[in-house]
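*Asks:* Sequence:
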Amino acid sequence: MYFIITLIIGFLLGYFVASKKQEVGFISKQQEEKKRNKQAIFELLETNHPLTNNDVEAMLGISDATATRYFDELEKEGKVRQVGKTGRYVSYERV
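Counting from 1, position 15 in the sequence shown corresponds to residue 15 in the numbering used here; the numbering is continuous, with no gaps.
Since the hints were derived computationally from the structure, they do not count as laboratory data. Please note that the accuracy of each hint is not assured.
[Said to hold, decoys possible] Label pairs and their in silico Cβ distance ranges:
no.	residue 1	residue 2	range
1	A65	I4	27 to 35 Å
2	E43	R69	13 to 21 Å
3	K29	I5	20 to 28 Å
[Stated by the list, open to error] List of simulated lysine to aspartate or glutamate pairs, EDC-like, C-alpha gap at most 16 Å:
no.	residue 1	residue 2
4	K85	E43
5	K79	E93
6	K34	E93
Glycine is no exception: its CB is placed at the ideal position from the N, C-alpha and C atoms.
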């Protein structure tokens, strides 16, 4: 009886450890994609000056919220600056 319980506990532990490893791999893939997209935005600013959220959405195939988040992060990193206050009049340029 103890053998069966130990076997079940071992199986469950193995399952949870394996699922955690897959989760970590997924997160690192997301981080790599985010880094590539932010770099692509920065490079697009060299040729297309200035860029809007809608431009980035169309070029990279990302959502409005994601484009906004990327621009916010690039702005905090000091790589871009926002031109305009709100809405469709907002664009971004390299610093």
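*Asks:* So, for every hint listed, does it hold in this structure?
*Replies:* Verification of the supplied hints:
no., hint, verdict
1, A65 x I4: 27 to 35 Å, "violated, 49 Å"
2, E43 x R69: 13 to 21 Å, "holds, 18 Å"
3, K29 x I5: 20 to 28 Å, "violated, 37 Å"
4, K85 x E43, "violated, 23 Å"
5, K79 x E93, "holds, 9 Å"
6, K34 x E93, "violated, 19 Å"
Of the numbered hints listed earlier, those contradicted by the structure are 1, 3, 4, 6.
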